[in-house]
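Visitor: One line per chain: the protein sequences are A and B, in this order. The numbering used here puts the first residue of the first sequence at 1, with every later residue one more than the last. The numbering used here puts the first residue of the second sequence at 1, with every later residue one more than the last.
Quick caveat, the hints were computed from the structure, so don't treat them as lab data. Beta carbons are placed, not taken as given, at the ideal position from N, Cα and C, and that holds for glycine. Any given hint could turn out to be false.
[Claimed, not checked] Pair ranges (Cβ atoms, derived):
hint	chain 1	residue 1	chain 2	residue 2	range
1	A	Q55	B	A437	27 to 37 angstroms
2	A	L89	B	R100	49 to 59 angstroms
3	A	E94	B	S198	33 to 43 angstroms
4	A	I101	B	R100	18 to 28 angstroms
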Amino acid sequence: MYNDFAPIPIFIILSVVFIAFALFLQHLIAPAKRSALKDSPYECGEEVEGSAWVQFNIRFYVIALIFIVFEVEVVLLFPWAVVFKELGLIAFVEMVVFLGILTVGLVAVWRRGDLDWVKMVVPYGQGRYAKLAQPQDDVDH
Amino acid sequence: MNAADILSTLPELVLTVTALGLLLLEVMGKPPRARFVWVALGGVGLALGLEFAVPSEGQFYAGMISVDLFTRFFNVLFLTTAAGSLLISVPYLRRTLEERGEYYALTLFATVGMMFMAKAHDLTITFLGLELLSVSLYILVAFYRNRVRSNEAGLKYLLLGAFSTGFFLFGIALIYGSTGTTHYDGIRLAIGSGEQLSMALTVTGFGLLIIGFAFKVALVPFHMYAPDVYEGAPTPITAFVSTGPKVAGFAAFLKVIATAFAFTTQHWWGILWILAAITMTVGNITALRQDNLKRMLAFSGVAHAGYLAIAIMVGSADSAFALLFYLAAYAITTLGAFGIVSLIEGEDESGLDMDSYRGLARRSPYLAGVFALIMLSLAGFPPTAGFLGKFFIFSAAIDEGYTWLVIIAVVNSLISVYYYLRPVVAMYMQEPADESAVAVPAFIVPVLLLVVLVALGLGLFPMSLVKNSIAAAGSLF
């Protein structure tokens with residue numbers, strides 16, 4: 001049984017040698033004209049701007065969390081859909097139960113207001129929002 | 001899946017539906033929150049009734065779940081623990097204005113996880129139950145979001161728990177790789193018939209499983225989280241965390257060892273021998289220095305896990321019965337201990353040190369009497385249930401020739417008497433700071449009665465529980 005794994009190390013060695021050889025070849029042949037623009041990281045054709053280490057709004061956290069929950073749900077739906085015909089009604093009922101439980105969670109999150117982008121616990125114009133409540137007129141002068 | 005399958009997990013289904021209903025009730029905000037606890041208790045009571053009303057026996061869900069007297073014994077214990085922990089929680093939650101539906105729902109979800117750990121007959125289900133239990137407890141430990149200690153405890157529990165889960169899962173993967181199955185009987189068959197890939201791989205996998213279980217039941221050296229988590233968690237949750245996962249962990253551990261790995265005893269008994277010895281010693285000696293009651297009880301829990309590990313290691317039918325008896329006595333008395341601690345505890349987590357118990361016998365004689373009984377039972381004085389539990393475990397170990405381990409255990413029991421008697425001395429022999437009686441809410445009274453019934457009643461008339469434990473342990477072998 002261990003013999004079945006013999007091709008794997010061979011493939012690993014071959015792939016390392018192949019890539020190393022290709023890189024070595026292009027190092028020999030290709031002309032090297034470096035410039036600041038070439039050394040900058042590729043950002044979809046846009047000009048590079050700022051660091052990737054920026055602070056995200058904490059609100060993305062809840063959205064990401066809920067997104068992951070439903071993504072996992074979809075991952076479970078795919079294999080279920082593949083064997084759906086063989087399993088029949090039982091599989092359907094089981095998936096409905098599973099989706100029902102997740103729906104209860106969604107309803108709970110929704111009703112609690114966690115899906116709202118702005119969940120104002122602190123009244124507007126108080127606490128950390130105090131500055132926002134100041135009249136905006138003095139921006140003009 | 002057919003009707004028999006559904007009937008075999010009816011109690012778990014009832015609890016799940018109750019928990020989901022509680023979540024919905026919480027967001028609808030319809031009935032006052034004061035009624036949620038009755039919904040939760042109703043669900044637990046219904047599940048307990050169904051456990052007896054609809055008995056089933058055998059393997060279900062294509063062999064992934066096995067139901068017998070063993071699982072019924074533990075389901076009754078889990079449901080009792082859950083009900084007791086709910087009752088303890090109510091006054092505490094109301095005092096701190098944190099009574100919410102999620103609290104009850106999470107307690108029920110954790111209970112469902114425990115029940116599946118005992119019922120599992122396949123490592124994947126064991127893992128699912130373990131995760132359902134753990135994840136619910138991570139949230140419950142950190143339930144008091146405004147308390148720094150509660151948050152710290154929750155984060156520690158989550159990080160270390162996730163780490164131990166990794167070990168557990170890797171163990172399952174190795175066992176599957178070696179035996180080609182995760183089914184308990186299949187693993188046993190593969191080991192017994194020699195069809196496994198390699199013994200070394202199976203035993204390595206099982207060693208990783210031991211680490212996973214040892215973390216859940218807090219065996220040294222996997223116990224570091226226990227004192228901090230127990231201290232930081234709100235006291236009713238500490239009561240739940242110190243009983244639920246420990247009982248469920250030992251239940252699943254015993255079942256895995258007795259069914260799947262019965263043929264590999266010679267490979268792991270030495271590890272468990274050492275684990276049991278150092279767990280008892282470290283737990284007891286560290287508890288001597290604790291002034292905080294919650295920390296003291298945490299280390300006492302670690303020490304008790306050591307005694308219980310002896311029963312796991314011995315692995316005979318006698319020791320399995322002793323383990324079940326001991327777990328029942330330990331779970332109920334520890335629950336009561338934390339219940340009383342939550343009563344004495346003042347605002348902002350004060351009143352947890354030994355001094356707060358001074359003269360309690362003069363202030364509230366009945367409460368002090370129950371607490372003293374609990375301490376005596378945990379220390380193992382006759383005629384309490386704790387004494388009988390220790391006696392059964394030690395005699396089962398002597399029968400199998402583990403004399404030295406029993407000598408270590410007995411010396412440890414003697415050491416433990418010191419710290420168990422400290423609160424008793426404070427309660428009965430020292431002057432109280434104030435003479436006012438401690439208010440005992442009506443919710444706690446049933447728990448205290450149950451504690452007296454178990455600690456004293458089973459100590460004097462143990463045969464009912466002994467018979468049930470023997471029958472339950474017998475269905476494993």
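Visitor: Does each hint hold? Answer for all of them.
Guide: Each hint tested on the structure:
{"no.": "1", "hint": "Q55/A / A437/B: 27 to 37 angstroms", "verdict": "violated, 54 angstroms"}
{"no.": "2", "hint": "L89/A / R100/B: 49 to 59 angstroms", "verdict": "violated, 38 angstroms"}
{"no.": "3", "hint": "E94/A / S198/B: 33 to 43 angstroms", "verdict": "holds, 37 angstroms"}
{"no.": "4", "hint": "I101/A / R100/B: 18 to 28 angstroms", "verdict": "holds, 20 angstroms"}
Comparing the model with each earlier hint shows violations of hints 1, 2; every other hint is respected.
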